[in-house]
Amino acid sequence: QSALTQPRSVSGSPGQSVTISCTGTSGDVGAYNSVSWYQQYPGKAPKLIIYDVALRTSGVPDRFSGSKSDNTASLTISGLQSEDEADYYCCSYAGSYIVVFGGGTKVTVL
Amino acid sequence: QVQLQESGPGLVKPSETLPLMCTVSGDSIRVYYWGWIRQSPGKGLEWIGNIYHNGNIKYSPSLQSRVTILVDPSKNQFSLRLTSVTAADTAVYYCARCHYFGQRLEPDYFDYWGQGIMVTVSS
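Sequence order for the protein chains is G and D. First residue of the first sequence? That's 1 in my numbering, and the numbers climb one at a time after it. First residue of the second sequence? That's 1001 in my numbering, and the numbers climb one at a time after it.
In isolation and in its complexed conformation, chain D is listed as follows:
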């Protein structure tokens, strides 16, 4: 059974960097894309970015100037770093497995999700 588990600080100060980790078990991170999605309180889902095990990355255009996603196949983990956070970045952050389609390996759907981690940006 594939499982994903987010970890990281629950509280980050404004202007600082938010670091999150996603640990994958039950599957190799060397297959599929792996993504980050967030959900602000009472709001909808917002895609942050996807990474493939070979390092191919795509970020949401609205966040790409502040986001870095890395993958560590040796530890079966991938990470998220969001810089210069503000209160607007307060959200539940989810990591998820993303299927792809076609020879160009384009992202398709997210089938396994972590339970999510609530991150509050506040001084």
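Bound conformation, chain G alone:
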């Protein structure tokens, strides 16, 4: 199982929207709705923000949304805020009880 593919970085101005893609295969992202997204600040543990493709964890602002089409999942941050500057990782179930993460995307707020 290979890592899921994410862009290394995305950026946007405050108030804008950014979308992070997470591309897998028909054996992982395309096969299951077990796609999750994690936000990580430097020196901190990852924090679950989206699970099961589009469900937000309690307390996560509704400007964070998740979706999936075929083998690609996406995380959209609408109304970008300075505190959204962090690293974001996608994760998917890949069958046979195996889990795979994406390489991570650094979001920069300009």
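Please keep in mind that the hints were generated in silico from the structure rather than gathered at the bench.
Stretch-level coverage of chain G by chain D, calculated; a stretch enters the list once three of its residues show a Cβ under 8 Å from a Cβ in chain D:
(1) 33 to 39
(2) 46 to 55
(3) 85 to 94
(4) 98 to 109
None of the values given here were measured: they were computed from a predicted structure. Just so it is clear, CB atoms sit at the ideal spot from N, CA and C, and this is done for glycine as well.
Guided by the hints, dock chain D onto chain G, whose structure is given.
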């Protein structure tokens, strides 16, 4: 409130075995999967493996020849052993709680994470 705490050596010599422990509080380890994930400096997250309280285990194919994960329900702990370590195993190691779905109890997402423990492999 569910809390996970990793413990173990911060420095391991090359070719030796890395032993880590994760202590769970605020929840019974007899529910959910429990997993290990690591992050090399400046790199992304890498899944190492998951264990269920009944001992069902799955390891990352890239690490399975060197990894052992065990669970001790009586102590609400689970452990990681990584053998024959090299500098490439230098990383922050996280333990996490993993939800599952379906009747086959397939892994879903990690909702609670430990703070992580930095392990350096060096002589």
